[in-house]
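A.B. asks: Next come the chains, spelled out residue by residue.
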Amino acid sequence: MIRVLLPGHLRTLAGSNREVALEVPSPITQQSVLDALESAYPTLRGTIRDQQTKERRPLVRFFACKQDLSHEPLDAPLPAEVVDGREPFMIVGAMAGGCTPAGAE
Amino acid sequence: MSGVRVLVGTVKGAFIFESDERRQQWEISEPQFPGWEMYHLKGSPVDQNRIYASQSSGWFGQTMQRSDDGGKTWEAISNEFEYATDPGTHQWYDGTQHPWKFARVWHLEPSLTDRDTVYAGVEDAALFKSTDGGQSWAELPGLRDISGPKWQPGAGGMCLHTIVLDPNDEDRIVVAISAAGAFRTDDGGQTWKSINHGLKSEWELPDPVAEVGHCVHNISMHPSKPNTLFMQKHWDVMRSDDAGDNWFEVSGNLPSDFGFPIAVHAHEPETIYVVPILSDQFHYPPEGKLRVYRSKSGGNEWEALTKGLPQENCYVNILRDAMSVDALGSGGVYFGTTGGQVYCSPDSGDTWNTIVHDLPRVLSVEVQTLA
Chain A
1 MIRVLLPGHL RTLAGSNREV ALEVPSPITQ QSVLDALESA YPTLRGTIRD
51 QQTKERRPLV RFFACKQDLS HEPLDAPLPA EVVDGREPFM IVGAMAGGCT
101 PAGAE
Chain B
1 MSGVRVLVGT VKGAFIFESD ERRQQWEISE PQFPGWEMYH LKGSPVDQNR
51 IYASQSSGWF GQTMQRSDDG GKTWEAISNE FEYATDPGTH QWYDGTQHPW
101 KFARVWHLEP SLTDRDTVYA GVEDAALFKS TDGGQSWAEL PGLRDISGPK
151 WQPGAGGMCL HTIVLDPNDE DRIVVAISAA GAFRTDDGGQ TWKSINHGLK
201 SEWELPDPVA EVGHCVHNIS MHPSKPNTLF MQKHWDVMRS DDAGDNWFEV
251 SGNLPSDFGF PIAVHAHEPE TIYVVPILSD QFHYPPEGKL RVYRSKSGGN
301 EWEALTKGLP QENCYVNILR DAMSVDALGS GGVYFGTTGG QVYCSPDSGD
351 TWNTIVHDLP RVLSVEVQTL A
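In order, the protein sequence lines correspond to chains A and B.
When you line the first sequence up against my numbering, it's residues 1 to 105, in that order.
When you line the second sequence up against my numbering, it's residues 1 to 371, in that order.
Treat each hint with caution, since some may be false.
Unchecked claim - Subject to a maximum C-alpha distance of 20 Å in a straight line, what follows is the list of computed EDC-like cross-link-like pairs (lysine to aspartate or glutamate):
1) B:225 <-> B:287
2) A:54 <-> B:80
3) B:129 <-> B:94
4) B:225 <-> B:242
5) A:54 <-> B:82
6) B:101 <-> A:35
7) B:101 <-> A:50
8) B:200 <-> B:241
9) A:54 <-> B:86
Hints were generated in silico from the structure; no laboratory data involved.
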């Protein structure tokens with residue numbers, strides 16, 4: 001099982017705990033994990049990556065094994081510790097993010 | 001009629017207030033979707049328990065919600081807003097072309113006749129329609145054919161923020177976009193025409209009377225007179241008596257004709273409300289006095305409504321979707337501020353009460369008159 005940690009807003013939206021466990025078919029990559037996550041929790045579609053282009057949203061980051069994987073290729077294999085379940089794959093809201101420029105003016 | 005339900009969207013969640021017809025004592029909900037930007041919530045005129053809500057976040061983008069029990073519980077609905085054709089580019093603030101990209105849903109307008117049909121106005125500007133209660137959305141792309149590359153964003157982005165449905169003709173829809181102007185379809189959204197004749201934007205456009213590019217802030221209509229439209233433009237309060245084909249100014253004696261919302265009384269089609277703001281530079285009321293202005297003559301002659309509103313040291317703004325009216329006999333009027341206050345007048349604006357003082361910045365206020 002692949003362990004995925006979700007930030008607070010996405011937990012609320014998914015109705016899940018902080019950590020979710022997913023069956024993910026090999027190869028275990030960012031793309032296959034996100035596909036499995038969105039399949040298990042359809043309300044998360046579009047919140048982590050664009051629904052059409054599949055690009056990561058600008059203020060979302062991916063961490064695992066104390067590394068920032070946000071800019072790794074989507075189809076690159078995830079670390080072995082994530083694949084065997086020792087470490088979680090973390091979906092994180094950027095620390096300074098969340099603000100939009102002006103609001104509805 | 002037994003009371004009212006007020007749906008308030010803020011930058012950090014939604015709030016629902018309910019009261020009986022006296023509108024003196026209010027039940028105020030816990031925050032709904034706490035921490036999310038709730039641009040707009042609106043109930044179906046057909047089913048008062050059906051509410052649609054736009055939920056967004058700078059981190060996690062646009063999501064959508066629907067309630068079938070008056071806001072007690074919510075269900076996520078589709079957030080897939082895909083332009084029907086390649087949207088190309090639009091004008092950026094500096095006049096260069098900029099890629100057209102979906103950002104968020106600004107306004108939801110449920111159908112007047114079918115609870116499962118709802119329109120969504122989005123940024124970058126486009127109009128979407130759902131006929132299955134929000135389970136799927138389809139764009140009405142003909143709108144973008146009207147000089148789309150000449151449209152440009154206002155301060156908040158290039159948004160379609162106003163959707164006015166004609167109660168006598170379901171194929172007629174008026175929309176407004178900042179900063180592109182007003183547009184109308186008479187065939188259910190297949191084809192559109194710009195309806196900006198009479199608008200002047202001397203400080204905002206190189207050609208002050210251009211066909212498109214005007215920063216229309218809000219449009220309102222009374223259902224008994226669907227050909228009469230009232231507009232708060234960036235500057236100028238305008239009126240049309242031919243469904244937008246021609247506009248004329250009715251700013252009259254207002255202390256400033258800059259502002260965002262405009263509303264029409266529920267029972268008096270010539271009674272309208274605006275909240276003057278000093279200017280686009282300052283975005284707060286003239287003289288630090290929060291005054292709603294009412295015209296009972298459809299414009300030109302305005303009276304200040306101040307009783308119960310702060311008349312000194314007030315520097316809030318009232319955003320375009322943050323004013324609404326109820327349909328109770330005495331004609332209630334409501335608005336919310338960027339300072340987090342929501343005010344209610346149960347007597348057509350003569351006196352005002354504060355429902356809440358300290359919400360987050362208010363983005364939208366909609367009122368449901370409950371049966």
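A.B. asks: Could you tell me which of the hints above the structure violates, numbers in ascending order?
C.D. replies: Violated hints: 1, 3, 6; rest satisfied.
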